[in-house]
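**Student:** Fit chain B to the supplied structure of chain A, relying on the hints for placement.
Chains as they are written, first to last, in the working numbering: chain A, 1 to 748; chain B, 1 to 205.
It is worth saying that the hints were derived from the structure and are not from the lab.
A quick note: this is a predicted structure, and the numbers were derived from the prediction, not measured.
The calculated label-pair distances, taken between Cβ atoms and stated as ranges, are:
id : chain 1 : residue 1 : chain 2 : residue 2 : range
1  : A       : D115      : B       : S146      : 29 to 37 Å
2  : B       : V114      : A       : H511      : 37 to 45 Å
3  : B       : G142      : A       : P251      : 47 to 55 Å
Chain A side only, calculated, beta carbon under 8 Å to chain B, not exhaustive:
id : residue
4  : I30
5  : R31
6  : F32
7  : V33
8  : P34
9  : I39
10 : P40
11 : G41
12 : L42
Note that beta-carbon positions come from the ideal geometry of N, C-alpha and C, so glycine has one too.
Given next are the chains, with one letter for each unit.
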Amino acid sequence: MERRDFLKISAVAGATAALEGCGNPDHQLIRFVPEEDLIPGLATWKPSICTLCPAGCGLLVRVMQGEAEVIRNGQRGLLKMGLAKKLEGNPAHPINQGKLCPRGQAGLQVTYHPDRIKGPLARVGPRGSGQFREMTWDDAIRQVASQLSELQASNQESALALITSPLRGQKKAIFAAFAAHFKKSLSVETALLDDTTIRAANAASFGHALPPTLSLAQSNYVISFGADFLGTWNSPVAQAIGFGRMRQGRPGQRAKFVQFEQRISQTGASADEWIFVRPGAEGTLALSLAHVIMAEKLRPAATGPAGQLIEGWAQGLPDHAPEKIAEQTGVKAETIARIAREAAALDPAMAIVGDAAIAQTNGLFNALAVNALSALLGSVGKPGGILFSPAPAAKPSGLTLEILASQINSGGAAPTVLLLYGANPLFSAPAAWGLRAALDKIPFIASFNSFLDETTTLADLILPDHSPLESWLDDEPPAGSARAIRSVAAPAMHALHNTRSTPDVLLDVAHQVGGNLAKTLPGKTYDEMIQASFAALYKEKGIKTAKDVDEFWTKTQEQGGWWSAESEAAVGSATAMSNAAAKQTAPRFDGDASEYPFHFLPFASQLFYDGSLAHLPWMQEAPDPLSTVMWGTWIEVNPRAAQKLSIRQGDLVEVASPHGKLEASVLINPGIAPDVLAMPVGQGHQNFTRYAAGRGANPISILSPLTVEGTNSLAWAATRVKLSVLGRGKLVLFGASLTESSPELQHR
Amino acid sequence: MSRPASRLNRYFCVAIAIGVAALGSAILESSLSAQAKSAAEEESSEVFTPAHPTVYDAIREFFGIRSKPVQPIAYTHKVHLANGMQCVQCHVGVDQGPDARIPSVNFCMTCHQVIATDKPEIKKLASYKGRGEDVPWQRVYGFQPSAHVKFNHAPHIRAGVDCSVCHGDMRQQTVAERKVDHTMGFCIDCHQQKNASIDCVTCHF
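Bound conformation, chain A alone (with noise of 0.2 Å):
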């Protein structure tokens, strides 16, 4: 016999051997009944919408039937069942025309993520322990009801606090239900990137209390103060595909892009010309550019009440020509005076402004002076320029986080029960306004929110909300397109846990509640309540398309809404909404000079928003499309300022301000003014799932409690800040990890 022959039998006896020996190794978990009969293989398109910013772009979902790990009855099992796959920009939808940004692409691990609440818990452990037990949803529905039924009983004021990120639709209706129910309730609408100061810009100057839509696509010359209008400002998607067609879109004809900022953002890594304007400076900025405009003669100076809020417009603004503000601006006087011509013979011309330049204590100023030039630039309501979609203006309540807070730490009585959803202001609120002191003084607070995020882990109750694709949902964005737009859509899929949907929860509570309550909210579920409001919108707007108002409401869902043909944007600028004029005010910032040299810039991620996505690893993986760093946060500065601090690429220092300090690792950044530091917003949760949890820091953390002068929004960008190095960190960047031998740092 052959060494081979035996190593051959040998091989072929011991495997037989052990495989005979061993069992079937399929998992052993038990399935459950389906819920739906679906055919294997065939995936079909549902339309949705993408809750993620507020833009409220349309999604189609594609669904197919697939095997998910659930549990039901308390028993782990296997389930066939529809699941969402992909997301895709729906394109009938006006706002996003088929297209969708990356987090829009990653909403789709918000109803996967292994952290999700799966179902109804209450808190065992001390306040912020993050010690839950399970319960069932009868009784957090009957516990939240139990409470507000003693508040109703009891008749006191301010009892009820409502915090919620900013609301649409039915759900607005639901919650300012509840608020105007229970006396003098304190409801805050609150979000890091808020647009209070815009519209109330666009108010004053325009009469249209809403954020502009841009119409990019017909425009010639187009002039934007801060605003990341590609990246995360207003509506990018419909803004990108604007920007897209003015630039591609006519042949020979490409239009001019002039983007003034303090931090090369990914809208300004697009533009023509990028122009560093100091800080607060944008509006006096405008002004000068408007000066010369009316000083040369080159646009009829009738401008309507965008003008007139402006001191000193009717003169000619005297005191902004170019040469007087250009130390003020840091932008050249003869910079200032052409693009002020080439914007005058440029028709149809706009001017912008968002982000940073409105969230310095005089951004409401900025933001007036920047829709003066508008006006005067002529294409306020027209192709081209800036446009009003017929979206409801929404009325803010005036109550802010701040005021919230500051009521309750001064001593004034605390609400008893607060309810919470979709915010998080323990991570997007300064920590100097004392927020968690006065939560800590609520005694119930119910969050409905789908992960344990900083503000949830505090809760009593935890009552989490179905995934955006599981739920019914309904929407009316205010920008984006100036068509009357009404999204809508049915749940995408069944539910993966043990989840229900918030508006549903809440009807329950007010039909348990009683009284005047439950005759304000009549509707038994929340998809009634949408399907009534559109049965409305049918009656209102006379819709000829259908031939009764129950195949309206069955196109409707197909399609993902309802819009117009025709764009229905207000023509025009209506009367001012104030008579005040517009002061030019200075902005002011915190922290004095001489101590603390740099301005602080947090900005949104192009990643994860104002933080609310840092749970996504999709978006955690992905790179920052400027900087390239994965994983993780850095601190922006500039070259020369780095070498006179001798820093280097990769460097962890720590960023002190007034009211706190973070550490972060140094990105030298040569798009950067010298004595301004910019970090990104979004990292730093201490609570927010295994991906967000602990990784880098939170910018919001430090800032000092300045508001926007006129709408009491957080003035974001109005800090000052000093540096220490503390030593070598660590970036992460695509393709590379610098550490402190990586050669990339070595010639630095």
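**Tutor:** Chain B in isolation, oriented as in the chain A frame:
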């Protein structure tokens, strides 16, 4: 070496080989079962990996060894087909997409709520339904993932290929068995006969 000695030697070698194999298999088996156990304990791994969970799985796949499916209920195709049912009544979607549906317990119970309720297998079926569980049918056919074969039922049905060509005559089978070996040669033969494409990317993509 003389011939008898050689024969003796050969027997001796075979005996040793079997002995070594038995020893090896005993060691392998114990380590494999330990591995299988630890894999079961871990349940679902956090990290996706294309590797096999156990050496045992790797060996099985390498040799193309598949265990005989043991169905939880002794379902009989023969009886259902003899009673005039058609394949597509239960295996919905076979003419529409890549996969044919295996009906859920709900579907079975639409008839068996009243038909043959006293039979032990139907009682088993009803008890699954009563517990809110679906019947854990075992897969009979299918390709190894490493074969990278994408099979789509619908075009085969459209081309008039009878179900029995690939699945055997189900009228003669009770519980479904692998009567036909789905090797690449089997597929290619038929594709050639019917002038269907035998380009690699027709099936491997």
